[in-house]
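Let the hints inform the model, and build the full structure from the sequences given.
Protein chains in written order, with the numbering used here: chain A, 1 to 419; chain B, 1 to 419.
Everything labelled a hint here was simulated from the structure, so no lab data went into it. Heads up, some of the hints might be wrong.
For chains that are exact copies, the list does not tell them apart, and a pair is met inside one copy or across any two.
Said to hold, decoys possible - In silico DMTMM-like cross-links for lysine to aspartate or glutamate, where the CA-CA straight-line distance does not exceed 25 Å:
| hint | residue 1 | residue 2 |
| --- | --- | --- |
| 1 | Lys408 | Glu101 |
| 2 | Lys298 | Asp240 |
| 3 | Lys16 | Asp94 |
| 4 | Lys408 | Asp100 |
| 5 | Lys298 | Glu360 |
| 6 | Lys84 | Asp100 |
| 7 | Lys408 | Asp75 |
| 8 | Lys16 | Asp302 |
| 9 | Lys408 | Asp94 |
| 10 | Lys408 | Asp329 |
| 11 | Lys408 | Asp26 |
There are 2 protein chains.
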Amino acid sequence: MNDILARVSNLCRDAKAASAAIARADTATKNAALDAMARGLRRGADVVLAANAQDLESARANGTSGAMLDRLALDPQRVEAMAKGLDEVRGLPDPVGAMDELRRLPNGLQVGRMRIPLGVVAMIYEARPNVTADAAGLTLKSGNVAILRGGSEAFYSNTAIAGILRSALRDVGLPEAVVSLIDTTDRAAVDALLVQDAFVDLVIPRGGAGLVRSVMQKSRIPVLAHAEGVCHVYVDDSADLEMAVAVSVNAKVQRPAVCNAMETLLVHQSVAPAFLPIAASRLRASGVELRGCERTRKLVPDMVLATEDDWRAEYLDLILAVRVVDSLDQAMDHIRQYGSRHTEAIVTSNHARAMRFIREVDSSLVLVNASTRFNDGNQLGLGAEIGISTTRIHAFGPMGLEELTTRKFVAFGDGQVRG
Amino acid sequence: MNDILARVSNLCRDAKAASAAIARADTATKNAALDAMARGLRRGADVVLAANAQDLESARANGTSGAMLDRLALDPQRVEAMAKGLDEVRGLPDPVGAMDELRRLPNGLQVGRMRIPLGVVAMIYEARPNVTADAAGLTLKSGNVAILRGGSEAFYSNTAIAGILRSALRDVGLPEAVVSLIDTTDRAAVDALLVQDAFVDLVIPRGGAGLVRSVMQKSRIPVLAHAEGVCHVYVDDSADLEMAVAVSVNAKVQRPAVCNAMETLLVHQSVAPAFLPIAASRLRASGVELRGCERTRKLVPDMVLATEDDWRAEYLDLILAVRVVDSLDQAMDHIRQYGSRHTEAIVTSNHARAMRFIREVDSSLVLVNASTRFNDGNQLGLGAEIGISTTRIHAFGPMGLEELTTRKFVAFGDGQVRG
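Here it is in structure tokens:
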């Protein structure tokens with residue numbers, strides 16, 4: 001353990017030392033690095049795929065499941081997608097150095113705020129090796145140093161990818177330490193990383209609920225959690241019922257395994273008799289298992305009774321909890337009590353209720369008449385995202401390049417002193 | 001301890017329960033509460049002063065020092081200043097509900113961000129009882145619930161002030177739990193508070209370095225630290241030397257006991273012979289003790305040799321470390337190595353060097369040709385401040401009302417689903 005702690009601590013110290021260089025780097029240099037990284041991945045695809053084959057072999061030997069193997073597996077198309085992701089980040093505007101809120105104070109001092117990198121950002125993630133390239137690209141473009149800790153099952157793939165990225169950094173004259181991968185699968189390395197508050201400015205855990213909770217409990221470094229999504233759609237009594245069916249089906253079945261998929265459907269009592277039978281048959285036709293409250297079960301036959309556990313469940317699967325509510329207020333109370341503040345939508349044609357829902361529901365994305373599946377950096381127009389923060393501090397919702405920065409105050413004077 | 005934990009936990013649960021009401025409250029209601037609070041303090045000044053007399057008596061009996069007694073003591077003017085502070089917060093614009101970055105995506109979805117309260121903000125502070133009113137006013141206006149934990153030496157004063165504030169909340173129909181004071185001086189209450197991550201969204205420690213460090217180490221809740229300021233003024237070779245003297249003297253002596261006072265003066269070697277003797281005599285005339293590097297000591301006699309400890313010192317006193325440097329780069333290296341990223345100023349007439357200093361120095365406020373003493377919410381035009389964050393996440397520098405909020409995404413659609 002002491003050996004691991006010393007190694008991780010040295011890596012973090014080197015990362016911190018490299019942060020001034022990348023914070024200062026101009027956009028052209030950072031873009032050249034991103035270009036060299038993308039070209040390196042394309043040129044080195046064989047090396048990456050060979051390393052990935054090694055990971056897959058170990059995973060199979062360990063009896064890893066099919067879904068996990070699929071997330072782990074790379075092929076030429078997936079390597080090309082990684083390179084293309086870096087090209088896209090190269091095309092995004094550089095947030096660093098932008099100044100705003102510049103105003104002249106009565107004493108003549110010109111005061112404003114300048115956007116600056118956070119410093120050193122550590123990313124702890126699982127399975128998918130593409131996160132190594134995605135996270136490195138976004139942290140680099142935003143002027144930050146990345147410390148990457150991938151899952152042990154992708155160790156060889158991540159090592160090969162990181163090697164290519166570091167060699168690209170060298171090629172454009174930037175320090176290799178701008179992207180560092182923790183070079184051991186020992187779990188003690190994560191604990192060692194989470195106490196490096198002297199060198200690391202932010203930790204982003206991205207993975208299962210267990211990983212996120214454990215990082216939040218142990219970290220002495222600020223954490224932006226990408227936690228679970230218990231997302232709701234509320235169908236108001238004034239809803240266009242066809243729209244409500246389309247939004248509900250999309251929110252549940254378009255990609256059920258992700259955090260912005262709907263987990264509970266809330267329906268106003270006065271439209272429930274007209275809406276629920278149609279919605280239920282459409283959802284069931286897409287393979288969704290329904291679990292309902294007593295009132296739902298009276299309207300739709302053959303349904304398991306939903307329990308407290310169902311209201312709290314993040315199924316990440318083709319299962320949906322359904323509840324009939326008396327009013328908008330009861331719907332919002334339900335969301336407050338059982339939701340995870342991730343994403344909620346109302347379907348309504350009533351303007352006042354739409355605005356109440358928008359204002360009073362306390363989630364990272366609140367929608368009117370649209371699917372919860374839009375809670376995504378690309379969909380919301382941020383460009384690529386490094387995660388979706390369910391922490392309220394610093395960033396709430398999808399985090400793009402700007403969310404990887406902070407702002408300092410700047411002041412231009414001509415000799416002002418305080419009286 | 002279990003009893004304390006249960007009490008603190010209940011208080012935090014009640015605070016969380018009150019957060020929806022204050023988040024929803026309109027500006028008029030919040031302003032009515034602030035007005036009732038100010039009037040309550042004016043009307044109840046005698047009660048506050050009697051409680052304060054009790055605190056002062058215990059403090060004197062415990063042999064408390066003069067400076068501490070002064071910070072603890074209230075008089076009619078100080079009570080009036082608290083009331084006036086609440087009046088001023090009432091006059092500031094309400095940040096909650098503002099929407100920005102509204103854009104229409106290609107699919108017709110109108111997406112934007114809405115400013116919302118953080119939720120429950122805990123404040124841990126020392127000595128000055130006015131912080132109770134100041135913090136309550138700012139958290140209320142920004143739609144947050146405040147949990148206050150003042151120093152044990154001000155327990156009776158804080159209890160009297162909080163009682164008046166809570167009675168004002170009742171008078172305007174808001175829950176009393178919008179402002180809660182932890183009702184014990186037991187130190188275990190702080191530890192109990194710092195694990196309430198289920199109910200509390202942010203902790204702001206404000207006090208000595210020991211308090212801040214201890215909170216950062218123990219907290220499971222995000223912390224915005226108000227940590228030490230090892231602030232620098234760098235006098236460039238092109239500086240207007242009269243301006244440099246004025247800025248240096250102001251930065252050191254105008255109020256030496258605060259975090260934005262200069263602690264180290266860095267001087268370019270080519271102006272050191274002309275600048276240092278004048279600056280030293282002006283500083284000494286104001287009672288400042290100088291500690292210099294070897295080169296400084298050759299130019300100014302009778303000076304102790306500065307050690308590594310001096311470069312790192314936050315004196316908070318009439319003591320100043322002085323170092324002659326070869327260049328702007330050496331000055332910035334010194335700041336990087338020894339500074340605390342709080343406040344740094346350059347005095348220069350050279351535009352390129354001014355802009356390099358502004359861009360490359362990584363502190364919460366970077367100034368050209370002005371005193372470090374301007375790092376203050378009021379001075380920078382934010383209105384009242386709840387502290388100066390030296391944490392880079394969420395807020396960096398003075399925190400006003402806006403820094404007590406976050407932004408959620410909002411989306412207005414007409415049936416959009418994801419394809």
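When the hints from earlier in the document are held up against this structure, which numbers fail? Structure breaks hints 5, 6, 7 and 8.
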